[in-house]
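Visitor: Kindly produce the complete structure, drawing on both the sequences and the hints.
So the protein lines, in turn, are chains P and S. Those letters in the first sequence? Residues 1 to 259, by our numbering. Those letters in the second sequence? Residues 1001 to 1471, by our numbering.
A few of these clues could be false.
[What the hints assert, rightly or not] Partial pick of chain S residues on the chain P-facing surface, computed with a CB cut under 7 Å: (1) 1332; (2) 1333; (3) 1451; (4) 1453; (5) 1455.
[Claimed, not checked] Residues of chain S clear of chain P, computed beta-carbon distances all greater than 12 Å: (6) 1025; (7) 1053; (8) 1070; (9) 1143; (10) 1226; (11) 1418.
[Said to hold, decoys possible] With the Cβ distance kept under 7 Å, some of the chain P side facing chain S (calculated, not the full set): (12) 112; (13) 114; (14) 116; (15) 125.
None of these hints come from the bench; they were simulated from the model. Note that the structure is predicted; figures quoted are calculated from it, not measured. Backbone N, C-alpha and C define an ideal beta-carbon position, used for all residues, glycine too.
Chain by chain, the residues run as shown.
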Amino acid sequence: MSAGTSNPMQSHQSAAAATHQPLLSVRGVKTYYGNIIALKGVDMDVNEGEIVTLIGANGAGKSTLMMTIFGNPRAREGTITYAGRDITKMPTHDIARLSIAQSPEGRRIFPRMTVFENLQMGASINGLAHFDQDLERVCTLFPRLKERLQQRGGTLSGGEQQMLAIARALMSRPKLLLLDEPSLGLAPLIVKQIFTIIKELNEKDGMTVFLVEQNAYHALKLAHRGYVMVTGNITLSGTGKELLENPQVRAAYLEGGHH
Amino acid sequence: MNAPSITTSSAQDTAVPSRFNLAAALKDAFITALIALGLSIPILSYKTEQNGSDLFLASRWRLVAIFCAIVFVLRVLEHAFLATRAARKALPDPHQATEPVHAEPSAYQKVSRFAIPMFLGVAVSFPILVYLVQGGLNESRYWVDLGILILTYVMLGWGLNIVVGLAGLLDLGYVAFYAVGAYSYALLSTTFGLSFWICLPLAGILAAFWGMILGFPVLRLRGDYLAIVTLAFGEIIRLVLINWVDLTNGGAGISSIPRASFFGLPFTAGEGGFADTFGLEFHGMHRMIFLYYLILALALLTNFVTMRLRRLPIGRAWEALREDEIACRSLGINTTNTKLTAFAIGAMFGGFAGSFFAVRQGFVSPESFNFLESAIILAIVVLGGMGSQIGVAIAAIVLVGGPEMLRNLTFLKAVFGEGFDPNEYRLLLFGMGMVAMMVWRPRGLISEREPSVILKERKAISGSLVKEGHG
Ligand SMILES: Nc1ncnc2c1ncn2[C@@H]1O[C@H](COP(=O)(O)OP(=O)(O)O)[C@@H](O)[C@H]1O
Ligand SMILES: [Mg+2]
Chain P
1 MSAGTSNPMQ
11 SHQSAAAATH
21 QPLLSVRGVK
31 TYYGNIIALK
41 GVDMDVNEGE
51 IVTLIGANGA
61 GKSTLMMTIF
71 GNPRAREGTI
81 TYAGRDITKM
91 PTHDIARLSI
101 AQSPEGRRIF
111 PRMTVFENLQ
121 MGASINGLAH
131 FDQDLERVCT
141 LFPRLKERLQ
151 QRGGTLSGGE
161 QQMLAIARAL
171 MSRPKLLLLD
181 EPSLGLAPLI
191 VKQIFTIIKE
201 LNEKDGMTVF
211 LVEQNAYHAL
221 KLAHRGYVMV
231 TGNITLSGTG
241 KELLENPQVR
251 AAYLEGGHH
Chain S
1001 MNAPSITTSS
1011 AQDTAVPSRF
1021 NLAAALKDAF
1031 ITALIALGLS
1041 IPILSYKTEQ
1051 NGSDLFLASR
1061 WRLVAIFCAI
1071 VFVLRVLEHA
1081 FLATRAARKA
1091 LPDPHQATEP
1101 VHAEPSAYQK
1111 VSRFAIPMFL
1121 GVAVSFPILV
1131 YLVQGGLNES
1141 RYWVDLGILI
1151 LTYVMLGWGL
1161 NIVVGLAGLL
1171 DLGYVAFYAV
1181 GAYSYALLST
1191 TFGLSFWICL
1201 PLAGILAAFW
1211 GMILGFPVLR
1221 LRGDYLAIVT
1231 LAFGEIIRLV
1241 LINWVDLTNG
1251 GAGISSIPRA
1261 SFFGLPFTAG
1271 EGGFADTFGL
1281 EFHGMHRMIF
1291 LYYLILALAL
1301 LTNFVTMRLR
1311 RLPIGRAWEA
1321 LREDEIACRS
1331 LGINTTNTKL
1341 TAFAIGAMFG
1351 GFAGSFFAVR
1361 QGFVSPESFN
1371 FLESAIILAI
1381 VVLGGMGSQI
1391 GVAIAAIVLV
1401 GGPEMLRNLT
1411 FLKAVFGEGF
1421 DPNEYRLLLF
1431 GMGMVAMMVW
1441 RPRGLISERE
1451 PSVILKERKA
1461 ISGSLVKEGH
1471 G
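Guide: If you want it as structure tokens, here you go:
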């Protein structure tokens, strides 16, 4: 749907960009809440076709980073580039139009609207152009939603709401999908389902995924690369495997036993 | 008064469904009546009466007794009502099932199937019905007038519903746009001699413009803060109307505003008038009936536009904005534009209603646009169940028509004595109605949101089974 693909010049540019520079790159980003600093200069890259995960303790600033990428709150210093464009100062709703989609912390589905209407909202960026097709697709991914299209979002169970949040994000056909703690508060079986779906989206559709997780074991197993955040700083990075084997990571995030 | 006891008793009743404990109900009603007595001693039992220059107390124990009796009876009825309802509800909760529930049609669907055609039918044939029942044009004047009044509020309620019910922006100054519409017509027609049909869209545009002016500064506000700023805005407009004497003639208002014509035919007795052209005998009621259909058309237009917009992206965006602003933004919705259009379109209908008001009265003054008006319109939207079109219409009928009805209940005089004037009790009854509503239907008459898209294969789940705000 992006104008870029129909423009040969630009698509050439972005193809070139893909080889040289990451799809999303965060450089020296500092974010404040009032006077309190939440991100203290974060550097991070997400390459096209990757699953990148960000793990860290509660209050480390993971959600803040995800929201900062979306321009709400705005980074006070540093730059955020997406597909070669500086999006640091772009309004949130314009960023959403660059084929980045987000399933935010706390799901934030529309509780009084039906599942169907929630999905319509997700597709509103491209004016419902391929709505039926996309609806079909998310219904195959999440059969539970299909049974509940006319049910109101607020009456879904937690796991179903999470599925709806992801499905709604998928309705805009994003190239980059940001997920904030999709496994939060869900039964192990549903967590597994959701992670399988994320993997499927990445492998079959080539979707790039940036995954914020507390569930470090699952996230690192799934991800190509990972970052570890501690109080507003990225302290470690590496491939998923490397991080899983890293003694520091094991001590801090895995010994609790998520397996 | 002791509402908690109601809930506990109904909870007990759930366990033993069919039994209605009369003794307990009578005892509770007696206690309630005692409380009512206690309250009415300082409020009702004595009245100061003036006889010449002397002031003395007259006791009204009869009134107190009647009042307590009413409270007693109502309380017993309430218990009976709750007991039967609890018995009906003592079925297993379908929502404990994890499978999708194929529920019966929702309350909205039930109401809409019968109520909407009925309301529409009554509204369209109202002047004829009244003419037949009252047996003459002169006799039906009062009723048609009341119909016009109610429809004006229905329209205002529907207009405000866009802002409050759909977009979730609590607006306490809606009357400002009503005023802008009224003064637009008044000034444009008296100064430039423009006809109503030209002024109507102009008034709408001007009101929409003022809606945007209000919208800009309040873009970042929500809830309480928004309510306070909009309240102030309403007052500012009223004060400007009072103080900008050169333009608005101040508190004295603008009079002799031209009356509406029937598409160019004036409602006058002479040649070329409406009655003359159509070969009717001239009657003042022709104009009234025309006004009735005019406001009916305007109200239906408001409703039609709202219903259409709800199905379009902009309407969906309004509702999504009400639900979650942050989620809206991250879905690519420009919340600034969404809010401004809600304010502007809501204001536009307020402006239409305002110019109708001016053309009906032939006189406007700042008096008519005080805060109480805003409060009534908001009460209509809230009591109707925010966002429900039919609920708003019913609430307008009840809130505007109800007090008017009291005037006609002459038997009240027989009960309460000759000096009883129901009008004095209007606000009291208004308040009692509100309290009753908040107890029984805290989310408004029709609290359910009707989906904007109803899928063909009905897998509808009844919203009424799911208490909102609990999950
Ligand atoms: N809206 C806010 N206002 C002020 N401080 C906030 C706000 N949101 C988050 N914070 C603070 O920023 C820090 C990072 O929070 P967050 O990004 O939510 O952490 P995480 O998602 O890693 O658990 C925390 O110390 C939190 O208290
Ligand atoms: Mg978080």
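Visitor: Each of the hints needs a verdict: does it hold here or not?
Guide: Outcome of the hint check:
1. 1332: holds (3 Å)
2. 1333: Because about 6 Å separates residue 1333 of chain S from the closest Cβ in chain P, which is inside the 7 Å limit, the hint holds.
3. 1451: holds (5 Å)
4. 1453: holds (6 Å)
5. 1455: OK, holds: residue 1455 of chain S within 7 Å of chain P, min 6 Å.
6. 1025: holds (35 Å)
7. 1053: Nearest chain P Cβ is 63 Å from residue 1053 of chain S, so the label holds.
8. 1070: holds (38 Å)
9. 1143: At roughly 38 Å from the nearest Cβ of chain P, residue 1143 of chain S sits farther out than 12 Å, so the non-interface label holds.
10. 1226: holds (19 Å)
11. 1418: At about 51 Å from chain P, residue 1418 of chain S clears the 12 Å cut-off, so the statement holds.
12. 112: With a closest approach of 5 Å, the residue 112 of chain P hint holds.
13. 114: Status holds, d = 5 Å.
14. 116: holds (6 Å)
15. 125: holds (4 Å)
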